[in-house]
Amino acid sequence: MVARVRTFIFGLLCTLLTPLSISAQNLTVADVQQVIAQAVGEAQARGALATIAVADRVGNVLGVFQMTGAGATVTITSNRLPAVATPPAVAGVALRSLEGVAIIPSTLAAIAKAVTGAYLSSSGNAFTTRTASQIVQDHFNPGETFAPSGPLFGVQFSSLPCSDLATRFPTTQGPHRSPLGLSADPGGLPLYKDGNAVGGIGVISDGIYGLDLQITDIDLDQDELIALAAQTGFEPPEDIKGHRITALGKSFRYVDAQPGNLLSVPANAPAFGTAGALVAVTGYANAAVIAGQIFGQVGSGVVSDNGATYGTFRNGQSAFILVNNAGNNRFPPIAGTDGQLTQNEVQTIITNALNVGFAARAQIRKPFGENMNFTVSVVDTNGAILGIARTPDGPTFGIDVSLQKARTATFFSNFEAASDLTTGGFGFRVTQVRTFFNDPTALANGIAFADRSGGNLSRPWFPDGIDGSENGPFSLPFSQWSPFATGLQLELVGQNFLTHLNFVGGLSADTVARCTPLPLRVATGSNRLANGLQIFPGSVPIYRRNVLVGGIGISGDGVDQDDMVAFLGLHNASLILATGVGNAPKSIRADNFVPRGTRLRYVNCPFAPFLDTPVQNVCAGK
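No gaps in the numbering here: position 563 of the sequence shown is 563 in my numbering, and each next residue is one more.
Just so you know, these hints were derived from the structure itself, not from any lab.
Bear in mind the structure is a predicted one, so any value in this text is a computation, not a measurement.
A couple of the hints might just be wrong.
[To be verified] So the derived label-pair ranges between C-beta atoms look like this:
1) Leu81 with Ile576: 51 to 61 Å
2) Asn502 with Thr86: 33 to 43 Å
3) Glu144 with Gly506: 37 to 47 Å
4) Ala509 with Thr431: 26 to 36 Å
5) Ser469 with Ala578: 39 to 49 Å
6) Leu507 with Asn286: 19 to 29 Å
7) Asp219 with Gly311: 24 to 34 Å
[Unchecked claim] The calculated DSSO-like cross-link candidates involving lysine-lysine, where the alpha carbons are at most 27 Å apart (straight line), are:
8) Lys622 with Lys586
9) Lys193 with Lys366
10) Lys250 with Lys366
For every residue, glycine included, the Cβ atom is placed at its ideal position computed from N, Cα and C.
Can you build the whole structure from these sequences, using the hints too?
Right, here's the structure in full:
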């Protein structure tokens, strides 16, 4: 009884102290029913049979509805012409490509789309699965030759079903896993109430789980049209839709379909439950509609720290933290399991990263002049989580991704990276890296890799954007590459995907909450990449003088901004701590290397990034 009272009081305080702009709304049962009914109405008008899913902002699945006769499975394909070649099998590697896999339950596709629409959006930006398609491909924009890869290249393999960070049904506290990672297939849209991001809608009706290869045309995608009808009454403010936001001088794509393209009148949608039924999805939902959680309250798993751990920042703002159902911080700052970083050092690093971000200009948010919103994660050399914090309105996807980034930078900077990969069955990738660098000690020589550096090695073109060049050593060659066949990133989690699909189908136990078959660490009982690998920028390793002691990852608000917060936040912490902890020595950073005549990158910081000062080149010389 005492515990329940304590939880109630904590939740009440969080409700009262959390800014209304963040937490005022949730999707009610009636809301979910309305969204589904509107989707069914448009599907009927088109003669389509759809599977429809609704999720809240932290990934709780609020209902899955399947129209009578809707296809039970979908096929994964990028529809690249000519067809992507199947990569050759490698002994011990379970899965190298998802291209052509035709046994994916349509319910999982709809859930992944709904979660993606929710996870990529916030009260400052509204993105869709079409936006995701634009930013994960080999060119940005897709279809433009000799352009660099998408800014979030690789983000599709995050929030994975095996993630040790992601929570699982039936708990309400998020962030929850997504059955297929994040989706790039049009038909996943965010849902809003009074300007607040409250969830997402996902629709699959065409039997194909794919993406949009060409941005120069306008598609009237059936899934997207049905989702657009479903979103009626729950639209984001016009000014924060993706097409109002730019990166690298290019506008994001929100949707191609417009309300004028609808064949139904959503206000006249049929009664809920018409033409189908709610379905249960093993590991995700019962055959029922439930209400979403209010973001910022204990039930959502994301609440304000109220200054208790990290203090207050610009304009009196506080950090937010992840909590369990008792309201306790899941990832408070702790000392490293390897004996390297102290609790105070971890807390100081996170605090300084938050301080940089709260003062920095947002890249992908409206209105202009807002500070960044993001998540920061710190890990030790075993990959153990030493602390996670975030700003109030960071997109949910950034929680898992920030941890992936921190672990990835630490992993590749470790002297044991080569041995871990070899033991896990990926020795062929070690060989490829060593050939690439013409260095038999690569991945065992202590070179400091930021995520931008490792990402350079994970593109189907090296240098990135130079069509016709050879692939990086962690990537498949372009003839075999697609966003569903990326190389090492997918190879590491292929067995987890297969096990999870068997679980949903009732054929096996679920995948453990630990991605990859890499060797377990004695200190943690887990491995160094327990929520998967990430290959776009936003992390740096942490050193004590010339010894690797951990990593910091940032995700949520522009990749250059993410780089800056990681690098500069760590630098500023080093000045305060004066314990030798800080960025890698310049002499061992990956940007000293020039494979194939192209220098690797370490970090890339915005030119004049801060809101309250015109200072420029803030990372130079550090």
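These are the hints, each one checked on the structure:
Remark: the range hint 51 to 61 Å for Leu81 to Ile576 is upheld by a beta-carbon distance near 55 Å. For Asn502 and Thr86, the hinted distance range of 33 to 43 Å is not satisfied, since their beta carbons lie about 21 Å from each other. The hint said 37 to 47 Å for the Cβ distance between Glu144 and Gly506, and at roughly 44 Å that hint holds. Roughly 34 Å separates the CB atoms of Ala509 and Thr431, a value that falls within the hinted 26 to 36 Å.
Between Ser469 and Ala578 the CB atoms are about 45 Å apart, so this pair conforms to the stated range of 39 to 49 Å. Between Leu507 and Asn286 the beta carbons are some 20 Å apart, a value that agrees with the proposed interval 19 to 29 Å. Separation of Asp219 from Gly311 is about 48 Å and departs from the stated range, judged on CB atoms against 24 to 34 Å. Taking the CA atoms of Lys622 and Lys586, the gap is near 8 Å; set against the 27 Å cutoff, the hint holds.
For the proposed pair Lys193 and Lys366, the alpha carbon gap of about 17 Å is at most 27 Å, so the pair holds. A distance of roughly 16 Å separates the Cα atoms of Lys250 and Lys366; the hinted pair therefore holds under the 27 Å criterion.
In summary, the structure is inconsistent with hints 2 and 7 from the numbered list given earlier, while agreeing with the others.
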